[in-house]
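Build out the structure end to end from the sequences listed, making use of the hints.
Each chain, written out:
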Amino acid sequence: MSEKLKFKILEHELVPEHEVLKPEEAIEVLRSLGVRPEQLPYIRASDPVARAIGAKPGDIVKITRKSPTAGKIVVYRFVIAG
Amino acid sequence: MVAEKEIKSIKFGILSPDMIRKMSTTAIVTPDVYDENGMPVKGGVMDPKLGVIEPDQRCETCGNKLALCPGHFGSLELARPVIHIGFVKHIYELLRATCRKCGKLKIPEDEIERYLRLLEKLRDRWPQLAESLSEYVKRKAMKVYECPHCGERQYRIRYEKPTTFIEEGPLGKLTPTFIRDWLSRIPDRHLRVMGYDPETAHPAWAIITVLPVPPIAVRPSILLETGIRAEDDLTHKLVDIIRTNERLKEAINVGSPEIIIEDLWDLLQYHITTYIDNEVPGVPPAKRRSGSPLRTLAQRLKGKEGRFRNNLSGKRVDFSARTVISPDPYLSINEVGVPVEVAMNLTVPVRVTPWNVDELRRYVLNGPFKYPGANYVIEPNGRRLDLRYNKDLKAVAEALKPGFVVERHLIDGDIVLFNRQPSLHRMSIMAHVVKVLPGRTFRLHLAVCPPYNADFDGDEMNLHVPQTPEAQAEARMLLLVQDHILSPRYGGPIIGGIQDYISGGYLLSSKATYLTKDRVSDLLASINYEGEIPEPAILAPKQAWLGKQIISLLLPEDFNFAKEAKISSGAFKCQDEECFWDSYVLVKKGKFLMGVIDKNSIGAQQPESMLHYLIMEYGSSFGRQFMDRAFKLFLRFIEMRGFTMTLDDILVPERAYEEIREVYKRALEEVNKALKLYEEGKLEVTPGRTLEESLELKILEILSKARDEAGEIAVKYLNPFNNVFIMAKTGARGSALNITQMAAMLGQQSVRGERIHRGYTNRTLPFFERGDIGPEARGFVVNSFVKGLTPIEMFFHAAGGREGLVDTAVRTSQSGYMQRRLINSLLDVVVEYDGTVRAAYGDLIQFRYGEDGVDPKNTSFGKAVNVDRIVKKHVGWKIG
Ligand SMILES: [Mg+2]
Ligand SMILES: [Zn+2]
Ligand SMILES: [Zn+2]
Chain F
658 MSEKLKFKIL
668 EHELVPEHEV
678 LKPEEAIEVL
688 RSLGVRPEQL
698 PYIRASDPVA
708 RAIGAKPGDI
718 VKITRKSPTA
728 GKIVVYRFVI
738 AG
Chain X
373 MVAEKEIKSI
383 KFGILSPDMI
393 RKMSTTAIVT
403 PDVYDENGMP
413 VKGGVMDPKL
423 GVIEPDQRCE
433 TCGNKLALCP
443 GHFGSLELAR
453 PVIHIGFVKH
463 IYELLRATCR
473 KCGKLKIPED
483 EIERYLRLLE
493 KLRDRWPQLA
503 ESLSEYVKRK
513 AMKVYECPHC
523 GERQYRIRYE
533 KPTTFIEEGP
543 LGKLTPTFIR
553 DWLSRIPDRH
563 LRVMGYDPET
573 AHPAWAIITV
583 LPVPPIAVRP
593 SILLETGIRA
603 EDDLTHKLVD
613 IIRTNERLKE
623 AINVGSPEII
633 IEDLWDLLQY
643 HITTYIDNEV
653 PGVPPAKRRS
663 GSPLRTLAQR
673 LKGKEGRFRN
683 NLSGKRVDFS
693 ARTVISPDPY
703 LSINEVGVPV
713 EVAMNLTVPV
723 RVTPWNVDEL
733 RRYVLNGPFK
743 YPGANYVIEP
753 NGRRLDLRYN
763 KDLKAVAEAL
773 KPGFVVERHL
783 IDGDIVLFNR
793 QPSLHRMSIM
803 AHVVKVLPGR
813 TFRLHLAVCP
823 PYNADFDGDE
833 MNLHVPQTPE
843 AQAEARMLLL
853 VQDHILSPRY
863 GGPIIGGIQD
873 YISGGYLLSS
883 KATYLTKDRV
893 SDLLASINYE
903 GEIPEPAILA
913 PKQAWLGKQI
923 ISLLLPEDFN
933 FAKEAKISSG
943 AFKCQDEECF
953 WDSYVLVKKG
963 KFLMGVIDKN
973 SIGAQQPESM
983 LHYLIMEYGS
993 SFGRQFMDRA
1003 FKLFLRFIEM
1013 RGFTMTLDDI
1023 LVPERAYEEI
1033 REVYKRALEE
1043 VNKALKLYEE
1053 GKLEVTPGRT
1063 LEESLELKIL
1073 EILSKARDEA
1083 GEIAVKYLNP
1093 FNNVFIMAKT
1103 GARGSALNIT
1113 QMAAMLGQQS
1123 VRGERIHRGY
1133 TNRTLPFFER
1143 GDIGPEARGF
1153 VVNSFVKGLT
1163 PIEMFFHAAG
1173 GREGLVDTAV
1183 RTSQSGYMQR
1193 RLINSLLDVV
1203 VEYDGTVRAA
1213 YGDLIQFRYG
1223 EDGVDPKNTS
1233 FGKAVNVDRI
1243 VKKHVGWKIG
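Chain order of the listed sequences is F and X.
So the first sequence is numbered by the working numbering: it starts at 658 and just counts up by one.
So the second sequence is numbered by the working numbering: it starts at 373 and just counts up by one.
Honestly, the hints are just simulated from the structure, not real lab data.
A couple of the hints might just be wrong.
As the list claims (entries may be wrong) - List of simulated lysine to aspartate or glutamate pairs, EDC-like, C-alpha gap at most 16 angstroms:
#1 F:Lys729 - X:Asp1224
#2 F:Lys729 - X:Glu1223
#3 F:Lys723 - X:Asp1224
#4 X:Lys493 - F:Glu695
#5 X:Lys1037 - X:Glu1148
#6 F:Lys723 - X:Glu1223
#7 X:Lys1070 - X:Glu1051
#8 X:Lys461 - X:Glu507
To be verified - Distance ranges between label pairs, derived from CB positions:
#9 F:Arg693 - X:Arg530: 41 to 51 angstroms
#10 X:Lys1037 - F:Thr726: 51 to 61 angstroms
#11 F:Arg693 - X:Arg861: 29 to 39 angstroms
#12 X:Arg681 - F:Gly728: 36 to 46 angstroms
#13 X:Tyr531 - F:Glu681: 47 to 57 angstroms
#14 F:Glu681 - X:Arg688: 50 to 60 angstroms
#15 F:Thr721 - X:Gly678: 41 to 51 angstroms
#16 X:Gln871 - F:Gly728: 40 to 50 angstroms
Where a beta carbon is used, it is the ideal one built from N, C-alpha and C, also for glycine.
Spelled out as structure tokens, the structure:
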């Protein structure tokens, strides 16, 4: 993780909570949605938040964010290279 | 019966020369088409071996008659190969990525090996990644200027439109023959790394050596009335190709000079290019004698009139009808009036059962020419009896028994789909219940005009008859009009009261409406009301009923509702039930106690209205029934009372005009003052604007204030309860601005949001002084429609009006194209049963539809729960 960052993006108001799932959690998520990892929306490993939480290609990231309609929503993203 | 098979996949490739020769039934060798007797020449483009064209003839190739002969390809051996215009991009890339000497991909062998293995892994799960890897490899190889395999020096290759490749080195211009040999040298493994499948699409085949000649069925000749045979564009083009090919062959054989051979070769390339695609940039399109460009292969497929969009995505269908629409307020909103003539042409197949055999026999007996009859009977063995030509209908009727199918005429109660283009949202196609009527137009209820965006100035609509029980059930359960009253676009009814329904509702519910027993009976009879007449509100001196009492009869007994009416504004504003002006609607326990019906309570496209809550809380069946009855009632009342609009409604006394002139004079003075300030440089500048813009804004502000004041003056002299005001205030039609423009002052005309300023040098019209930026010179209209416009004002008004027309024309075409693209990209996105939104292969788009999983149709204004309404509904009034 980079010390070069000028501020901590994870603490920024507009950055929702990101979390790398443990393999068994990831498998459970995929099982319950009935999808292969590549059918999830993607997030690049070079995405600033992905870098900040140390997500590697192949990981699944859980994002908990505010929603104008539902208040709070949990979504998952598959980390791809690049 | 032929066994049904399922297509698992489709693979596209390029035909190899060998394959073309194998497919070919005959070699085409001569440009001659017909001999002196008009018979097709053997070896010509109309060779009978290419398939039969006349009925009763047997095919020389397959032995079948016309109906069964699929048509057969021929082939033409080209004297010199030419480039296929559709593949130039690929050819260019391959020439740059491979070695000019050994033909290998200009990347070291071990790297190719590595990429190949990676590609193999990616192909199934990440096809897009595989593609971009191939792309990357190609780009990388293009940058290499020395072959890693043989060490040959490489040169830049230039592409000149449309089909020329030039090496900026010793070779110079590359001939198609040379290119073909080059591409043939590329090893298969290297092609695979670059994303080509040499088995099905070897790039060397992109150079045409043998030209397939399509069957005659693809390019039929047509017999004109004059008896002259006109050939298809493709046939013409093929003849050109053959003729040029023959000349080229001849030139080569006699050893003509290289220039002549090359010219002919180029000509052959031109003909084959335009044969494939007649709209290639940089190639003059081949023309017919009339000068219009030929429709060759690519043109048959491409665009709106092409095979895909016109014949595959948009086929014409049977069991459909189209005619002009007209209104019928006596229908239910669920119904559509169908002309008898149409009903006798459209049929519904009905399977004979012991329970319907008598009914169906009656239809068959009536035959195709007497309504209600039947057009066809299908026997259990599949034989179709056309009742038009059947002399003995009685025998057919008697023969009916279970297992037969009767295609009977459309009758009352059948379900049909009704549609008006442009079909922009799902309510553009809804299911209606048939009502067969005399006349020649489709009839529909006025309340369903908004979802179709229909009016009756000549609009036509389409009607489709679902043929299977499944389709009929689906239409009835899912597509029926009543299930589309609430729009998914916004939470609210898209079907509802318009125009006279609103005026009528207002007049009936008005405080001033008292009804005698006769009138009440008349009104209730018009909706087939069968209950008791309520106690009269007024007992003496004469019994009288309030309109509100009649409306209460249609409301559910436990319905509560309270909301400001549309008319609640200005002096007549009411915000709660303690208000004199009767502009606060109050319904308690199904009793219409206060307020008036207007757009805010029954209008179409009005969310959170009385209509909306009636439908949400009592269901779509009730909603339909309420609308059918209430609207008939309102219309009956407006018929009884009479409703019109007269000149008097907008005519003000001369005194008013004097006041308006005074207002204008003051405005003019203010404008002049602003102008003077501007000239002296003392005008206050609006932040973010230039001085000139500030002046314009200031003038616009002054003038718009003047118009508003003029409007207020006119309103002051008009009866606030006249017909025009009733329509404007209740939201039935028109607005306060419309009244102002009719009675008082038209105001500023604008083009592109600015005062009109273009035309002549520094002036709008020649008789204004240059640089005059006063109101009259810049499109301000002082007069009203009633007073009449001066010629100059009329010109400015036309200029402003023209912009509106141009705008609509531009907007529709732009939004139409956007709609097409959106639909093409979203068409298979689906909300699955688990609440997720997914694309065709199950890819996730949203984890929960709209993130909250709420159907906007069942909301009010997108809010899933309206706490306020729930409280009001159950507690009743006295809250909020
Ligand atoms: Mg129209
Ligand atoms: Zn045949
Ligand atoms: Zn080489």
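These are the hints, each one checked on the structure:
Proximity of F:Lys729 to X:Asp1224 is assessed by CA-CA distance (about 9 angstroms); at most 16 angstroms being required, the pair is judged to hold. Taking the CA atoms of F:Lys729 and X:Glu1223, the gap is about 8 angstroms. The hint holds against a cut of 16 angstroms. Between F:Lys723 and X:Asp1224, the direct Cα distance comes to roughly 11 angstroms. Compliance with the 16 angstroms bound is thereby established for this hinted pair. For the proposed pair X:Lys493 and F:Glu695, the alpha carbon gap of about 14 angstroms is at most 16 angstroms, so the pair holds.
The suggested pairing of X:Lys1037 with X:Glu1148 holds, with an alpha-carbon distance near 12 angstroms, which does not exceed 16 angstroms. For the suggested pair F:Lys723 and X:Glu1223, the alpha carbons sit about 10 angstroms apart, so the restraint of at most 16 angstroms is met. For the proposed pair X:Lys1070 and X:Glu1051, the alpha carbon gap of about 14 angstroms is at most 16 angstroms, so the pair holds. Distance check on the hinted pair: X:Lys461 and X:Glu507 sit about 13 angstroms apart at the alpha-carbon level, within 16 angstroms; holds.
Look at F:Arg693 against X:Arg530: about 45 angstroms separates their beta carbons, and that is inside 41 to 51 angstroms. Between X:Lys1037 and F:Thr726 the beta carbon distance is about 55 angstroms. The supplied range of 51 to 61 angstroms therefore holds. Between F:Arg693 and X:Arg861, the C-beta spacing of about 35 angstroms keeps the proposed range 29 to 39 angstroms intact. Remark: the range hint 36 to 46 angstroms for X:Arg681 to F:Gly728 is upheld by a beta-carbon distance near 44 angstroms.
As the Cβ distance of X:Tyr531 to F:Glu681 is approximately 55 angstroms, the hint placing it in 47 to 57 angstroms holds. Checked against the hint of 50 to 60 angstroms, the C-beta distance between F:Glu681 and X:Arg688 comes to roughly 57 angstroms, which is consistent with it. For F:Thr721 paired with X:Gly678, a C-beta distance near 48 angstroms keeps the hint of 41 to 51 angstroms intact. In this structure, X:Gln871 and F:Gly728 meet the distance hint of 40 to 50 angstroms, their C-beta atoms being roughly 42 angstroms apart.
The earlier numbered hints are all upheld by this structure, with none contradicted.
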